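Enquirer: Work out the full structure, taking the sequences as your base and the hints as a guide.
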Amino acid sequence: MLLKPRHLQHGDKIAIVSLSSGMLGEKEFIHKYYIAKERFENDYGLSVVAMPNALRGRDFIYRNPKARADDLMQAFDDHEIKAVFCAIGGDDSIRLLPYVDFNVLRNNPKIFMGFSDTTITHFMMHKAGVVSYYGPSLMTDWSEYVEINEYTKEALAKTLFSPAALLNIPCSSYCSYETDRVLWGEQNISIRRPRFPNTGYEVLQGKGKVRGKLLGGCIDVFPMICGTKLWPCLDDWRGKLLLIETSESNMDAQLLCELLRNLQAQGILDVIEGIVVGKPGYREKYEPYKEVYNKVVAYEADRPDLPILYNVNVGHAYPIGVFPLGLEYEIDCDNKTLALLEAATDN
Numbered sequence: 000m001l002l003k004p005r006h007l008q009h010g011d012k013i014a015i016v017s018l019s020s021g022m023l024g025e026k027e028f029i030h031k032y033y034i035a036k037e038r039f040e041n042d043y044g045l046s047v048v049a050m051p052n053a054l055r056g057r058d059f060i061y062r063n064p065k066a067r068a069d070d071l072m073q074a075f076d077d078h079e080i081k082a083v084f085c086a087i088g089g090d091d092s093i094r095l096l097p098y099v100d101f102n103v104l105r106n107n108p109k110i111f112m113g114f115s116d117t118t119i120t121h122f123m124m125h126k127a128g129v130v131s132y133y134g135p136s137l138m139t140d141w142s143e144y145v146e147i148n149e150y151t152k153e154a155l156a157k158t159l160f161s162p163a164a165l166l167n168i169p170c171s172s173y174c175s176y177e178t179d180r181v182l183w184g185e186q187n188i189s190i191r192r193p194r195f196p197n198t199g200y201e202v203l204q205g206k207g208k209v210r211g212k213l214l215g216g217c218i219d220v221f222p223m224i225c226g227t228k229l230w231p232c233l234d235d236w237r238g239k240l241l242l243i244e245t246s247e248s249n250m251d252a253q254l255l256c257e258l259l260r261n262l263q264a265q266g267i268l269d270v271i272e273g274i275v276v277g278k279p280g281y282r283e284k285y286e287p288y289k290e291v292y293n294k295v296v297a298y299e300a301d302r303p304d305l306p307i308l309y310n311v312n313v314g315h316a317y318p319i320g321v322f323p324l325g326l327e328y329e330i331d332c333d334n335k336t337l338a339l340l341e342a343a344t345d346n
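With numbering that gives the first Met the number 0 applied, the sequence shown covers 0 to 346.
What the hints contain is simulated information worked out from the structure, not anything from laboratory work.
Wrong hints could be hidden among the right ones.
Each pair of labels, with its calculated beta carbon distance range [said to hold, decoys possible]: (1) L233 with K335: 27 to 33 angstroms; (2) R237 with S46: 23 to 29 angstroms; (3) Y33 with A156: 19 to 25 angstroms; (4) N187 with F59: 44 to 50 angstroms; (5) E25 with L165: 27 to 33 angstroms; (6) V181 with E153: 40 to 46 angstroms; (7) N167 with V103: 18 to 24 angstroms; (8) E25 with E290: 35 to 41 angstroms; (9) Y98 with A156: 33 to 39 angstroms; (10) E286 with P51: 42 to 48 angstroms.
Note that the structure is predicted; figures quoted are calculated from it, not measured.
In this text, a Cβ means the ideal position worked out from N, Cα and C, and glycines have one as well.
Expert: Here it is as structure tokens:
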């Protein structure tokens, strides 16, 4: 059973880490740190500390994976720090693996949150036996220009601050895509991200209700951890709900097909209870990705019964929610709903 960290409350100290890209420390982006810091402090009553290497920029962060891991270890080992939030994703947090002490993570359970390449660190948390939170990063969400959108803000409130015993997770009524992003720059801080009507959850296949603990993340980075000690064995996948979302790289549908085939070759699609699929970051991939799931899961894996919930606000979708990994969820195919069946954090 995974350890669940305590919820956040007024006066708590939180840490910011750069575990992959060092963008936050660059002069053209550092304003995003100060936007988020002001919100943490004024809107949530939190005390913010940037770990020693978090703001040292791209070049230093790239060249020093041990320094990144040291920041993570120090943040977890500091009993005054109650949560650790990632600055942004990237593409090489797998390089931290040799420097991570899993006992430090397990012996100091606290909220850890991020998405994208941070999937790697979420699997570290899973190996350590601690619930982690697939959700907003500082640069993309906590420092959203003008204000944090109401969908993300409500998800944060109901998971990290005032956890509900049972949380229904609605599909956002609005959305936008990677091509609609407001470019990061101080000249754009007064521009809101555009919004368009969303289509709601889609059930690609499956009937009735299915339950399971959520495990997964950004499928783009799965190949980096397959074959390492971070990748769960087949028995660990048994009975789980598999979370899959795709990054801003605009993955070709054929590559998604190949990655899903790898999961089938491992036997994972045979033992899971369902799949939760994030909204694609690009409009033009919305239908082609659906076709891939139908082809690989229903036909090739011969699992036309396996529930697949599509168009979920997670990861590279906008807006995004908070999804605790390792906790119990329910997909109701008939009513097209998704629910977290336990409190996201401890009181």
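Enquirer: Run every hint past the structure and note whether it holds.
Expert: Evaluation of the provided hints:
| no. | hint | verdict |
| --- | --- | --- |
| 1 | L233 with K335: 27 to 33 angstroms | holds, 30 angstroms |
| 2 | R237 with S46: 23 to 29 angstroms | violated, 41 angstroms |
| 3 | Y33 with A156: 19 to 25 angstroms | holds, 23 angstroms |
| 4 | N187 with F59: 44 to 50 angstroms | violated, 26 angstroms |
| 5 | E25 with L165: 27 to 33 angstroms | violated, 42 angstroms |
| 6 | V181 with E153: 40 to 46 angstroms | violated, 21 angstroms |
| 7 | N167 with V103: 18 to 24 angstroms | violated, 35 angstroms |
| 8 | E25 with E290: 35 to 41 angstroms | holds, 39 angstroms |
| 9 | Y98 with A156: 33 to 39 angstroms | holds, 34 angstroms |
| 10 | E286 with P51: 42 to 48 angstroms | holds, 46 angstroms |
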